[in-house]
Amino acid sequence: MLDRFRTTGRSLVVAVLTAALTTAGLAVPAPAGAAVTRAQLALRWAPIHYQDVDATGSHALSGRSDYITKVDFDGDLNGRNNWDRTGQAGVSLAAHAYYSVVETSTHWYLTYLFFHPRDWTDHPFFETEHENDGEGVLLVVERDGSDYGVLRAAVTVAHTDFFSYTPSGSTWSSGRESVDGTLQLQSSPHDGFAHPVTAQEAKGHGLKAYPQYNINGDGIVYYPSTVAETPSSGDDRDVRYQLIDIFAAGGLWAQRANSSLFASAGTFAGDDSGDCGAGTYDCTTNSANAPWGWDDGNDLPGRGQLATDPAKLAVEYFTIPGTLSRTYTSNPYQS
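Each number in our numbering comes from the position in the sequence shown (counting from 1) with 2 added on.
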């Protein structure tokens with residue numbers, strides 16, 4: 003009876019602590035032996051994200067054009083009004099990022115999309131800007147029997163180029179593509195986990211592993227969480243961002259045929275209305291991509307395969323010891 007009381011009491015304590023941590027917006031690790039959900043896995047490995055901010059020029063909106071947010075930050079799924087709505091009063095630029103999880107028996111493939119309503123410039127010569135911007139990172143985690151696995155590699159998206167990284171101590175090395183640097187990890191004050199660290203440049207928002215891009219002056223440090231905070235300014239070094247599942251009901255993948263949001267497969271709809279292009283070289287249209295539209299034209303994997311067939315990309319980019327299964331046990335992109 004005493005053992006039963008101790009077990010019941012311990013369960014109640016765990017339940018109370020879990021509820022308290024969730025309410026506080028902290029990541030809650032799965033209990034030992036419990037199956038980790040895809041959402042927990044994505045939150046565990048989500049990057050600590052350094053966002054450089056430029057507040058100069060009218061298109062910067064005092065730095066707000068460099069805030070990460072969700073595609074329907076303005077309350078609708080119309081990609082062609084996002085440029086103008088970013089500058090309007092009453093819209094929320096609370097921090098969000100999108101994720102997807104693809105699985106094989108040997109690895110998890112976690113893709114993260116950071117969305118900005120504007121890709122902008124304040125230079126009048128030879129530089130273009132456009133409505134919407136979507137860049138991100140693929141993380142490859144080996145399933146080693148532990149709750150969250152072991153992080154082996156990352157591939158980031160910077161405009162139309164991919165860059166590959168491995169964390170210190172990884173058993174993976176250069177393959178068809180050379181590894182471009184070391185993926186650093188940093189402890190989060192919000193959950194105690196060591197997360198990979200990524201960074202985006204201001205204006206064009208190319209994404210690489212920190213510190214290949216870094217904050218230069220003003221900037222925001224975003225931390226993964228279960229809540230979405232809005233930066234207090236363009237120089238806020240502790241902002242929590244909330245993850246959104248790409249495959250959620252009514253989410254990005256479900257909206258892929260929505261012609262108001264996507265101009266074509268994997269390409270966000272964006273026009274040149276408002277002041278996009280004013281005082282610059284040009285405003286291009288339909289120029290941002292979701293993960294299933296990301297492409298490095300100089301590399302062998304096809305358009306979108308970073309997200310839709312990441313095992314193929316992994317074996318092309320890296321030399322991998324041991325076993326890497328190419329058979330997906332869960333891949334909604336291919337369902």
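Treat the hints with care, since some could be wrong.
Unchecked claim - Restricting the straight-line Cα-Cα distance to at most 25 Å, the calculated cross-link-like pairs of lysine to aspartate or glutamate (DMTMM-like) are:
| no. | residue 1 | residue 2 |
| --- | --- | --- |
| 1 | 72 | 297 |
| 2 | 314 | 298 |
| 3 | 314 | 220 |
| 4 | 72 | 54 |
| 5 | 314 | 146 |
| 6 | 314 | 301 |
| 7 | 72 | 273 |
| 8 | 314 | 297 |
| 9 | 314 | 182 |
| 10 | 72 | 237 |
| 11 | 314 | 163 |
| 12 | 314 | 76 |
| 13 | 314 | 237 |
| 14 | 314 | 54 |
| 15 | 72 | 163 |
| 16 | 72 | 146 |
| 17 | 72 | 182 |
| 18 | 72 | 86 |
| 19 | 72 | 301 |
| 20 | 72 | 179 |
| 21 | 72 | 277 |
| 22 | 72 | 220 |
| 23 | 314 | 105 |
Unchecked claim - Pairwise CB distance ranges, derived in the manner of DEER restraints:
| no. | residue 1 | residue 2 | range |
| --- | --- | --- | --- |
| 24 | 218 | 337 | 25 to 31 Å |
| 25 | 219 | 79 | 21 to 27 Å |
| 26 | 90 | 337 | 19 to 25 Å |
| 27 | 161 | 78 | 22 to 28 Å |
| 28 | 184 | 94 | 33 to 39 Å |
| 29 | 188 | 258 | 31 to 37 Å |
| 30 | 239 | 317 | 48 to 54 Å |
| 31 | 128 | 92 | 33 to 39 Å |
| 32 | 146 | 321 | 16 to 22 Å |
| 33 | 58 | 266 | 21 to 27 Å |
| 34 | 325 | 80 | 29 to 35 Å |
| 35 | 266 | 146 | 21 to 27 Å |
Because the hints were derived from the structure by calculation, they are not lab data. Note that the Cβ used here is the ideal one computed from N, Cα and C, for glycine as well.
Hint check results:
Proposed proximity of residue 72 and residue 297 is supported: the alpha carbons are some 22 Å apart, at most 25 Å. Of the pairs offered as hints, the one joining residue 314 and residue 298 holds, with about 14 Å between alpha carbons and a cut-off of 25 Å not exceeded. With a C-alpha separation of about 38 Å, the suggested pair residue 314 and residue 220 falls outside the 25 Å cut-off, and the hint is violated. Proposed proximity of residue 72 and residue 54 is supported: the alpha carbons are some 18 Å apart, at most 25 Å.
Distance check on the hinted pair: residue 314 and residue 146 sit about 20 Å apart at the alpha-carbon level, within 25 Å; holds. About 12 Å separates the Cα atoms of residue 314 and residue 301, which keeps this hinted pair within 25 Å; it holds. Between residue 72 and residue 273 the CA atoms are separated by roughly 18 Å; this keeps the pair inside 25 Å, and the hint holds. A threshold of 25 Å between alpha carbons decides the hint, and for residue 314 with residue 297 the separation of about 14 Å falls inside it, so the pair holds.
The straight-line distance between the Cα atoms of residue 314 and residue 182 is roughly 19 Å, inside the 25 Å bound, and the hint therefore holds. With a C-alpha separation of about 20 Å, the suggested pair residue 72 and residue 237 falls inside the 25 Å cut-off, and the hint holds. Taking the CA atoms of residue 314 and residue 163, the gap is about 17 Å. The hint holds against a cut of 25 Å. Distance check on the hinted pair: residue 314 and residue 76 sit about 36 Å apart at the alpha-carbon level, beyond 25 Å; violated.
Note on residue 314 and residue 237: the hinted pairing is violated, with a Cα-Cα distance of about 39 Å set against a maximum of 25 Å. Simply put, residue 314 and residue 54 have alpha-carbon atoms about 32 Å apart, too far for the 25 Å limit, and the pair is violated. The straight-line distance between the Cα atoms of residue 72 and residue 163 is roughly 23 Å, inside the 25 Å bound, and the hint therefore holds. For the proposed pair residue 72 and residue 146, the alpha carbon gap of about 33 Å is over 25 Å, so the pair is violated.
For the given pair, residue 72 sits about 29 Å from residue 182 by alpha-carbon distance, which is inconsistent with the 25 Å threshold. At roughly 15 Å between alpha-carbon atoms, residue 72 and residue 86 fall within 25 Å of each other, so this suggested pair holds. About 29 Å separates the Cα atoms of residue 72 and residue 301, which puts this hinted pair outside 25 Å; it is violated. The suggested pairing of residue 72 with residue 179 is violated, with an alpha-carbon distance near 32 Å, which exceeds 25 Å.
About 22 Å separates the Cα atoms of residue 72 and residue 277, which keeps this hinted pair within 25 Å; it holds. Restraint check for residue 72 and residue 220: the C-alpha separation of about 22 Å stays at or below 25 Å, so the hint holds. For the hint pairing residue 314 with residue 105, the CA-to-CA distance comes to about 13 Å; that is within 25 Å, so the pair holds. Checked against the given bound of 25 to 31 Å, the beta carbons of residue 218 and residue 337, roughly 42 Å apart, lie outside it.
At roughly 34 Å, the beta-carbon separation of residue 219 and residue 79 lies outside the given 21 to 27 Å, and the hint is violated. At about 38 Å, the CB distance of residue 90 to residue 337 disagrees with the hint of 19 to 25 Å. Look at residue 161 against residue 78: about 27 Å separates their beta carbons, and that is inside 22 to 28 Å. As the Cβ distance of residue 184 to residue 94 is approximately 36 Å, the hint placing it in 33 to 39 Å holds.
For residue 188 and residue 258, the Cβ-Cβ distance of about 34 Å falls inside the hinted range of 31 to 37 Å, so the restraint holds. Checked against the hint of 48 to 54 Å, the pair residue 239 and residue 317 fails, with Cβ atoms roughly 38 Å apart. A hinted range of 33 to 39 Å holds for the C-beta pair residue 128 and residue 92, which are about 35 Å apart. Range check, residue 146 to residue 321: Cβ separation about 19 Å, and the 16 to 22 Å hint holds.
Distance hint check for residue 58 and residue 266: the Cβ-Cβ separation is about 33 Å, which falls outside the suggested range of 21 to 27 Å. Under the hint 29 to 35 Å, the C-beta atoms of residue 325 and residue 80, about 46 Å apart, miss the expected range. Evaluation of the 21 to 27 Å hint for residue 266 and residue 146 yields a failure: the beta carbon distance comes to about 40 Å.
The structure does not agree with the numbered hints 3, 12, 13, 14, 16, 17, 19, 20, 24, 25, 26, 30, 33, 34 and 35 stated previously, though it agrees with the rest.
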